[in-house]
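J.: With the sequences and hints as input, model every part of the structure.
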Amino acid sequence: MKRKGLGFYLRIYGKILAQDLKSKMSYRADFIISTIGMIFTNIAGFVSFWILFRNFPSINGWSYHEMLFLYGFSLVSLTPVQCFFDNNWSLRMYVYSGDFIKYCFRPINLFFYYQSEVFDIKGLGQLAFGLGTLIYSWTKIGLGFTPLILLKRVVFLLTASLIMIALQNASAATCFWIQNSFYVMDLVLKFKDYARYPITIFSPVFRFIFTFIMPIAFIAYYPSLVILRPNEVPLLSWLSPLIGCLFFWISYKFWMFGAMKYSGTGS
Amino acid sequence: MNLKKYLSLTRAGIMESLQFRLGTVVMVIGNLLYLIVVYFLWKAIYASAGTDVVNGMTFTDTLIYLVLATALFGFMEMYTVWEIGRNIQSGKIVLDLLKPMEYRRYLFWSYSGSFVTQFFFTFLPTFIIVGIVTHGAIPLGVNLLYFVISVVMAVSINYSIDFFVGTICLFTESIWGINIMKQVIVLLLSGATIPIAFFPEPLKTIVYYLPFQSIYNAPLTLLLDGDPKFETVITILGTQLIWCIVMTVLSTLFWKVSLRQITVNGG
Amino acid sequence: MSAIIQIKNVTKEFKVLNRREGLKGSLKDLFSRDYKIVRAVDNISMDIEQGEIVGYLGPNGAGKSTTIKMMTGVLEPTSGEILVGGNIPYQNRAKNAQEIGVVFGQRSQLWWALPLIESFKLLKDIYQISDSDYKSMMHLYQSLVDIEPLLHKPVRQMSLGQRTLSDILAAFLHNPKIVFLDEPTIGLDVSMKSKIRILINALNKEKNTTVILTTHDMGDVDALCRRIVIIDKGKMLYNNDIEHLKGFFGSYRTLKIRMDGDLKQQAEVIQKELPDFSVSADEEWISVLVDEEKSKVMEVLNQLQKSHEIRDMQLEEISTEDVIKKIYEEGVE
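Residue numbers (our numbering), protein chains in the order written: chain A, 1 to 267; chain B, 1001 to 1267; chain C, 2001 to 2333.
Calculated from the structure, these hints are not laboratory results.
Be aware that one or more of the hints could be misleading.
Claimed, not checked - Straight-line distance between alpha carbons at most 25 Å, and here's what the computed SDA-like set of lysine to any residue pairs gives:
| hint | chain 1 | residue 1 | chain 2 | residue 2 |
| --- | --- | --- | --- | --- |
| 1 | A | 190 | B | 1194 |
| 2 | A | 190 | B | 1043 |
| 3 | A | 4 | C | 2133 |
| 4 | C | 2036 | A | 97 |
| 5 | C | 2233 | C | 2009 |
| 6 | C | 2256 | C | 2219 |
| 7 | A | 261 | C | 2008 |
| 8 | C | 2124 | A | 13 |
| 9 | A | 140 | B | 1041 |
| 10 | A | 24 | C | 2115 |
| 11 | B | 1043 | A | 211 |
| 12 | C | 2015 | A | 256 |
| 13 | A | 253 | C | 2098 |
| 14 | A | 22 | C | 2112 |
| 15 | B | 1092 | C | 2187 |
| 16 | A | 4 | C | 2111 |
| 17 | C | 2193 | C | 2216 |
| 18 | B | 1182 | A | 25 |
| 19 | B | 1204 | A | 56 |
| 20 | A | 261 | C | 2233 |
| 21 | B | 1043 | A | 200 |
| 22 | B | 1204 | A | 41 |
| 23 | B | 1005 | B | 1097 |
| 24 | A | 4 | C | 2256 |
| 25 | B | 1182 | A | 41 |
| 26 | C | 2177 | A | 22 |
| 27 | B | 1204 | A | 43 |
T.: Shown next as structure tokens:
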């Protein structure tokens, strides 16, 4: 058997992705309606944000535009989970019906094979919204623009996205143990809405929880500080790329452990 | 109408939802977390506002309003659109249509078991806890009676909207897209995420002319008003009643017409 | 050469939740749970050689799927040893997967929305099949079945028969050493069944692929298997040639005779004359199940002719189906 390195997996992913897009096009109505639905979700998010904060010049020392920056940051960093890991939502159905077993017979990484099957283009709409917000608030705050800042931004965005991916992997994988993991996933899905608020509004106990137990503060807050408040960056912000990778790795192990334990219902 | 037939559906629904033990626990935790975030977020907002009353609502009012809106959401969300959509895709709808009950009623009563469990597991505990935590800020008087009447109509309006939207699934395969659009619109415009009192002026007026505010805003407004004016009560309940009738008729008609269309064209 | 599949004293146990009945029971389940251990596979041993087609039979819930899941590396045995092509499947799942192909009757493993040829191309990449191997396999397929019309059809638009055929072709595509077929002919019409049997036989001959076949259709067994393994309630009941199976209960043959008058009544009379054998009657025939170790069919026929007027007769070998049914019902003693 030939070695299966990164190149192999990238090639396979590219091919499966291309095929997935082709087959999506055969359900055009669904594609259009889902995209509109996604745009609706984003618009509604903005409207809520605007209604809530338009009356106040600042919340807890955070200006309107800084809050908007956090919001945009969270949208962008939540894009990869939407685009690349959307098949997690179907996991419980495959496990429940026993169809999950079909993924177990291929000579490639199970997690990869499963996630590669679906690429959700709708996430790209969210990405556009997020980038727009980010750039708008960026200019409004007057953050300046150097290649270094851009590089920082990209690195922190990418690693921040790993947090939500990790949370979703882990919550999806609970279906290997409990029947109705939908509630768990739905719960985690709600988390991402909280990621857009500065963690300083919470009491110390919940600051701790949202930093170390359900690390949603790493989706936008900590990584944003590096850009927004360059003079008062806590250690956790610098660590956030590492923490993103660590959480992703743990969630991957957890997912695989569940899949291995999985014995398939029915015959 | 033979009530026993419907009640046995209710009973089966209760048993089914109790099967998911962990699901129940997770759901309770999820709601708690959401409430915590809401609490701190609004606390920060009120602290920044510098006044005790914003848009005619105190912090406690807003909190009770949002907490109970969440509890009501858990109580009223019947995933009807999903259910109809999935039944259509799997073809199970044909079997359901053959049952000796009208489909609209059948679906409602199949789910009604969850009303009972949700009421005892989510709504009642939340209500009591909120009552205790806020030191009896919820007025306990005749407003409770208005609230109950209002909730019953809200359930009916919500179900009619869901059923109406679910009917669209007869024409398109996009369940996710349709459901997300509905959910986003209903949650925002009904005042479930932000009290309508906070909406800016032209938007507020428009929202009052739409059926959605009758779902969350109406019952909660009645509940929070300890000494309601007779006219206010009549206006709110009257508006609800009108929407109740209009939406029931609309959704029933739309279903019948669509079904005829589909059977004629052989969908 | 050692066997391609070696199974030694394999046992698999599951923990199963005892659900209580009724509304009260559901409430109780909410707070306390009561588990029991179920032994799905109980101390099974067998060896399977390269190139064999083995029928793996047993009633529903006998433990067939569990055994197959262990051989494919999806399940870990509770105790005992399994070697598939020298690998321990559970520990080297990916490596094992390269050597095997799997078809689960009703569950297509192909990409639902894609034309078959696109699925094949993806499999070619996933299994790292070389261009020349891929080409020669496609040539082989073209010579065996009329594959052209299938190749450009999305799997979701195929009939069940076409889908099963496609799934089987996909399972053989990377030229695996072993292919597991779980009820490949379930729900298919007669002509499709025979098409699929011919295909499996041809692929087995051509590539010397070992095939493990579970089925409830004895037609599959007769057409494909030289050897069968029967399990029930997790225990192995039988593991030998199919020919040997037929002699297992003594050499039975069924003598069918036709007579005038009420067959039911006459069957009762004959039963009294032949107390050693079981006699039954249907609309047309009276059947006598003759154990040839006790007396030959001809002797029985002669004896019957003395006292009855026989208008017609037929002789039937006992079918595999009858024997298997007997094993399921009575076990092997």
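J.: Decide, hint by hint, whether the structure agrees.
T.: Against the structure, the hints come out as follows:
1. A/190 with B/1194: OK: residue 190 of chain A and residue 1194 of chain B at ~16 Å, within 25 Å.
2. A/190 with B/1043: 20 Å, holds
3. A/4 with C/2133: 19 Å, holds
4. C/2036 with A/97: 23 Å, holds
5. C/2233 with C/2009: Answer holds: residue 2233 of chain C to residue 2009 of chain C is near 15 Å, not above 25 Å.
6. C/2256 with C/2219: 22 Å, holds
7. A/261 with C/2008: Distance of about 22 Å is within 25 Å: holds.
8. C/2124 with A/13: Within the cut-off at roughly 14 Å; holds.
9. A/140 with B/1041: 24 Å, holds
10. A/24 with C/2115: With a Cα-Cα distance of about 13 Å, the restraint between residue 24 of chain A and residue 2115 of chain C holds, given a limit of 25 Å.
11. B/1043 with A/211: Between residue 1043 of chain B and residue 211 of chain A the Cα gap is close to 20 Å, so the pair holds against 25 Å.
12. C/2015 with A/256: Between residue 2015 of chain C and residue 256 of chain A the Cα gap is close to 21 Å, so the pair holds against 25 Å.
13. A/253 with C/2098: Holds - the C-alpha atoms of residue 2098 of chain C and residue 253 of chain A are around 23 Å apart, at most 25 Å.
14. A/22 with C/2112: 12 Å, holds
15. B/1092 with C/2187: This hinted pair holds, its Cα atoms lying about 20 Å apart.
16. A/4 with C/2111: 22 Å, holds
17. C/2193 with C/2216: Judged against 25 Å, a Cα distance of about 13 Å means the pair holds.
18. B/1182 with A/25: Measuring from Cα to Cα gives roughly 24 Å; hence the hint holds.
19. B/1204 with A/56: Given that 25 Å is the threshold and the Cα spacing comes to 19 Å, the pair holds.
20. A/261 with C/2233: The hint holds at about 23 Å.
21. B/1043 with A/200: Holds, at roughly 12 Å.
22. B/1204 with A/41: 20 Å, holds
23. B/1005 with B/1097: Measuring from Cα to Cα gives roughly 16 Å; hence the hint holds.
24. A/4 with C/2256: Violated, because 64 Å separates the two Cα atoms, which is more than 25 Å.
25. B/1182 with A/41: Judged against 25 Å, a Cα distance of about 10 Å means the pair holds.
26. C/2177 with A/22: 33 Å, violated
27. B/1204 with A/43: 17 Å, holds
Going through the hint list in order, the structure does not satisfy hints 24, 26.
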